[in-house]
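Chemist: Counting the sequence shown from 1 gives a position; the numbering used here is that position plus 25.
Worth flagging that the hints you see were computed from the coordinates, not collected in a lab. Treat the hints with care, as some may be off.
Unchecked claim - Okay, the calculated beta carbon distance ranges per label pair:
#  : residue 1 : residue 2 : range
1  : 129       : 70        : 20 to 26 Å
2  : 118       : 90        : 28 to 34 Å
3  : 160       : 86        : 25 to 31 Å
4  : 96        : 129       : 16 to 22 Å
5  : 90        : 70        : 21 to 27 Å
6  : 130       : 91        : 16 to 22 Å
7  : 122       : 81        : 18 to 24 Å
8  : 118       : 159       : 32 to 38 Å
9  : 118       : 161       : 20 to 26 Å
10 : 156       : 122       : 27 to 33 Å
11 : 159       : 136       : 33 to 39 Å
12 : 71        : 122       : 15 to 21 Å
13 : 163       : 118       : 18 to 24 Å
14 : 160       : 136       : 33 to 39 Å
Said to hold, decoys possible - Straight-line alpha carbon distances no greater than 25 Å define the calculated SDA-like cross-link-like pairs of lysine to any residue that follow:
#  : residue 1 : residue 2
15 : 132       : 92
16 : 164       : 100
17 : 136       : 96
18 : 132       : 164
19 : 164       : 71
20 : 132       : 118
21 : 132       : 122
22 : 132       : 149
23 : 164       : 96
24 : 164       : 128
25 : 136       : 92
26 : 136       : 157
27 : 164       : 117
Here a beta-carbon is modelled for each residue, glycine too, at the ideal position from N, C-alpha and C.
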Amino acid sequence: GAQLPAAVRCPVRPPRHLASHDLGGFPVSAGTAPEAITEAGRVPEVGVAMIRAERLRQVAVEGYTPEHDARHRPDELAMAGAAYALDSAGCPLAAVDAWPFTSASFKPGPKPLDSLVKAGALIAAEIDRIVATEAEAAK
């Protein structure tokens, strides 16, 4: 997979708004069923809803459909998500260094939360791309 450039190592501590979120000790892994998480009442729905809305916007407004995403190199969407997460964490220079596309296409939001939501949507897109690729390979 892709590796972050050395310049991405940001010495800045995460802002308080990021450090305050906690899953309450609920063990979450790639194999955890979403209904188990919801039933446990440990994951707030607001963040998931914001990420979903951003992903739907990316598809409807930007045209970043699953077919479009399938043309990206492995880990490219994950790196884009990482760049927005770095921006949200107060590391804008590292974010620009990590951005895998043209610099003109890097559009962080006015608030750290906006960039974090974009990060989540891009990571979700990468997960969907990987799952689709694996399903196609299994045929």
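Chemist: Confirm or reject each hint.
Modeler: Outcome of the hint check:
| no. | hint | in the structure |
| --- | --- | --- |
| 1 | 129 to 70: 20 to 26 Å | violated (34 Å) |
| 2 | 118 to 90: 28 to 34 Å | holds (31 Å) |
| 3 | 160 to 86: 25 to 31 Å | holds (27 Å) |
| 4 | 96 to 129: 16 to 22 Å | holds (19 Å) |
| 5 | 90 to 70: 21 to 27 Å | holds (25 Å) |
| 6 | 130 to 91: 16 to 22 Å | holds (19 Å) |
| 7 | 122 to 81: 18 to 24 Å | violated (29 Å) |
| 8 | 118 to 159: 32 to 38 Å | holds (35 Å) |
| 9 | 118 to 161: 20 to 26 Å | violated (38 Å) |
| 10 | 156 to 122: 27 to 33 Å | holds (28 Å) |
| 11 | 159 to 136: 33 to 39 Å | holds (35 Å) |
| 12 | 71 to 122: 15 to 21 Å | violated (30 Å) |
| 13 | 163 to 118: 18 to 24 Å | violated (41 Å) |
| 14 | 160 to 136: 33 to 39 Å | holds (36 Å) |
| 15 | 132 to 92 | holds (22 Å) |
| 16 | 164 to 100 | holds (22 Å) |
| 17 | 136 to 96 | violated (30 Å) |
| 18 | 132 to 164 | violated (37 Å) |
| 19 | 164 to 71 | violated (36 Å) |
| 20 | 132 to 118 | holds (13 Å) |
| 21 | 132 to 122 | holds (14 Å) |
| 22 | 132 to 149 | holds (18 Å) |
| 23 | 164 to 96 | holds (19 Å) |
| 24 | 164 to 128 | violated (37 Å) |
| 25 | 136 to 92 | violated (30 Å) |
| 26 | 136 to 157 | violated (32 Å) |
| 27 | 164 to 117 | violated (42 Å) |
This entry does not satisfy hints 1, 7, 9, 12, 13, 17, 18, 19, 24, 25, 26 and 27, going by the numbered hints stated previously.
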